[in-house]
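Asker: Which chain is which? The protein sequence lines are A and B, in order.
Under the numbering used here, the first sequence is numbered contiguously, ending at residue 320.
Under the numbering used here, the second sequence is numbered contiguously, ending at residue 495.
FYI, nobody ran anything at the bench for these hints, they're computed from the structure.
Take the hints with a grain of salt, since some may be wrong.
Claimed, not checked - Below, computed lysine-lysine pairings styled on DSS-like, alpha-carbon distance capped at 27 angstroms: (1) A/Lys190 to B/Lys128; (2) A/Lys273 to B/Lys153; (3) B/Lys13 to B/Lys153.
To be verified - If you only want the chain B side, here are some residues facing chain A, beta carbon under 10 angstroms, derived: (4) Glu79; (5) Leu83; (6) Lys99; (7) Asp208; (8) Ile212; (9) Ala213; (10) Val217.
Unchecked claim - Covered, in the sense of this in silico footprint (three residues per stretch, anywhere, with C-beta under 8 angstroms from a C-beta of chain A), are these stretches of chain B: (11) 87 to 96; (12) 273 to 280.
The beta carbon of each residue, even a glycine, is placed where N, CA and C say it ideally should be.
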Amino acid sequence: MFKEQAQMKDKVRFSSSSSMLLPLVFIIVVIACAAVSPMFFTAENFRNIIVGSATFGILACGMTVVLVSGEIDLSVGSQIALTSVVMATLAPKSLTLAIIGSLFVSLCIGLINGILLTKTKMPSFVLTLSTMGIVRSLALVIANGQPVYGVPRSFANLSNAVVGNVPLVAYAMIVMYLLTWFFLKYTTLGRSIYAVGSNSESARLSGINVNRVKIATYAISGFVAGLAGLFYTSYVTLGLPDGAVDYETQAITAAIIGGTSFFGGEGKVFNTFLGLFIVGMVKNILNLMGVSPFVQPIAIGVLIIIAVGVRTRKS
Amino acid sequence: MNNGKTILEMERITKEFPGVKALKNVDLKVRAGEVHCLVGENGAGKSTLIKIMTGAHSKSSGQIRVNGIPVEMNGPQDGKKLGIRAIYQELDLLPTLTVAENIFVEDIPKTKLGLVNWSKMNLKAQELLRTFGVQIEPKALVKDLTVAEQQIVTIVKALSQDSKILIMDEPSAVLTGSELERLFGIIRELQKQGVGIIYITHRLVEVFEIGDTVTVLRDGENIATAKVEDVTMEQLITWMVGRELGEQFYKETVDIGDIVLEAKNLTVTGQVKNVSLQLHEGEILGIAGLVGAGRTELLKSIFGQYQVDSGSLVVFGEECHFTSPRDGIAKGLGLVPEDRKNEGAVLCRSIEENISLGVLVKRKFKFLVHFPKLFQKAVELANYVAIRCHSLKQEVGTLSGGNQQKTVLAKWLASESKILLLDEPTRGIDVGSKLEFYKLMAEMVRAKKSIILVSSELPELMALSDRILVMSNSQVRKEFLAGEATQEEILEYAIPQELKESVRAS
Ligand SMILES: Nc1ncnc2c1ncn2[C@@H]1O[C@H](COP(=O)(O)OP(=O)(O)OP(=O)(O)O)[C@@H](O)[C@H]1O
Ligand SMILES: [Mg+2]
């Protein structure tokens, strides 16, 4: 009995120490950046970091949900491109229609991903690798390979808008993270996503409809990609069929630096948030120091290896 | 108690898997308030039958009636709606979630707004765990628990909701002593409430302790259903195996040679405390103890899986400091682990590949593998331990529980280890195969191999061991020679001091 209690304490201590790791790294990065460059700790610079990370940031919410379910969605970058094209094409007719239309398109792509996944039982990496290409190609075909002009000024201005000296996108991002956190922690569907990611056969035996949960997960991922696409469109003020390349990897990076497991069942969206900003700040400080953008991926790569390596070695 | 009305009837149930007919026209009736035991050899179809009952597997043909009404089940949800609940043989838990979430995954406590009510969930989980008398933290992650603790969580999970029929597939396999008593207490309680219970076990004594009715399956057929008071142990075994078995244990006396392995004051912080032991050539050294006594940990620290903090280990006259299982294997050690699903078998690969792994690790660096030769060895060993399968190419994950265990065993036999560390090797193995396995052990010691045997089944341990060490609280408390101690005396040393005091105090 005593031994059991002692073990229990060990466990609690261990988990609390590993959950403190990330905030600690976050703080260290902030301090280090501030020490390196006097320009880092300015409102202007923070605004840059936030605006620069907003699209990935929103995307990373959806990606965390997908990763927790034990799957991956590589098609979200292409989905952003497609939504931006749809948005820019429809906007001259009606802005409302354009917004609803582009969200609807991405929701449908998510649903199709989910349905194909559950019907074919193929690995999600392979499936979404294919849809990534298909969706990208769709965007290029619709736009005829050209940027689509047609995003109204009013909508484009949203990305620069500031409320009380804080960019609007910052609020939007915070709301997104709060919603995702709430969804994952307090809704039955959210908990079912963890259950399915943890062990889908056990989840099935416990009466969870695994296929439905997977389809819902991809629908969410698609919808979130649509939202990210709207921000992206507002930011670049165009429909860009060849834009947002690599955005899925950025979202995955934020999530895994935040400790989301690649094998499902584990992950916290707030940690994704921290991961996002750790990456954002590292990129930012390298820019401020005038380091070549070609070198930056090296820094990010090393960061991932350290962040994930420390965690996997511990367990 | 046997007069309750029939709540579940299964009629002419047949189930075909690709390549095997797992069930052939099986009939089964369960009454309210009855404990219906289901026994049979490994691969007889017990787990398959109960999975059809819960809707986890679809049947190929046959009919199921609940309270006289025919039902069709398309998934585990349907079984649950009818009040049919199961504790499956393979622990069906969610490793990365908390204990409380696992217990309530089917029916998460919610607030008025329909949101997950975490505080209520943790509180209710705590209460339920308490009624079982265990100290498991509801917020702990399931993957951090021991196998026995996980088993308790599955039991508590099944009890968390009302059910009309509760199925338990070898729940006792990993439990010992007091936990088993509590499980039986709970079963009797449920029985009084009119729940029909189906209880699967390979420990046949339990049938006589807890059962009202017993059904024997053999090769997917219902061989007999009888009242427990009307049958004898011998009769049951004959039904199961299809012939008379004679002895239940098998032991040969062989000459015991020199010391092959000696541990002095072996300590792994929090796991093993100051353990000293000697193992001789041709000897079977038994280790007794309750769940959590540190037996598994001791084996793992000898094997090199745990880093030893202090103390020394001498193997074949050479002082050893293993830093990984590879080192242990290189010195001629082999470990058949307790947790076969995670540590023993590669579930998604074939039987022959799994067994061959044992040979592969022993080979010195040779680049090319001669598969025919490798697999021929596997075939021999698979026959030897009598794995029931339709082909050696079958994935281990689709074997019955006991046959998975035999595969792991065969793997370590293939490695030709000189010192075998066996952790609950007969768990989940049927009586007939157990006897085969005991003969195999006898053959190994005759071939001058040595064995350390950890087993929670005291009769087995007492019959096979030349010496028995009793562990509790990570320490060795007592050593007995073969035939020197009774079961009670061994238990006396196995129960930790604090536990005895707390029992006395309450
Ligand atoms: N998914 C599957 N695919 C193919 N064959 C299977 C599958 N599941 C079970 N079988 C086969 O069905 C037969 C019956 O297996 P089952 O698990 O019901 O046995 P059991 O009586 O529970 O044995 P044990 O005592 O070892 O648990 C075995 O031959 C097994 O290999
Ligand atoms: Mg079974």
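Asker: Now tell me, hint by hint, if it's right for this structure.
Answerer: The hints, checked one at a time:
1. A/Lys190 to B/Lys128: holds, 14 angstroms
2. A/Lys273 to B/Lys153: violated, 38 angstroms
3. B/Lys13 to B/Lys153: It holds: about 26 angstroms lies between the C-alpha atoms, which stays within 27 angstroms.
4. Glu79: Since the shortest Cβ distance to chain A is 9 angstroms, the answer is holds.
5. Leu83: holds, 4 angstroms
6. Lys99: holds, 8 angstroms
7. Asp208: Since the shortest Cβ distance to chain A is 26 angstroms, the answer is violated.
8. Ile212: violated, 28 angstroms
9. Ala213: violated, 30 angstroms
10. Val217: violated, 29 angstroms
11. 87 to 96: n = 3 at 8 angstroms, threshold three: holds.
12. 273 to 280: With 0 residues in contact (Cβ-Cβ under 8 angstroms with chain A), the coverage given for the segment 273 to 280 of chain B is violated.
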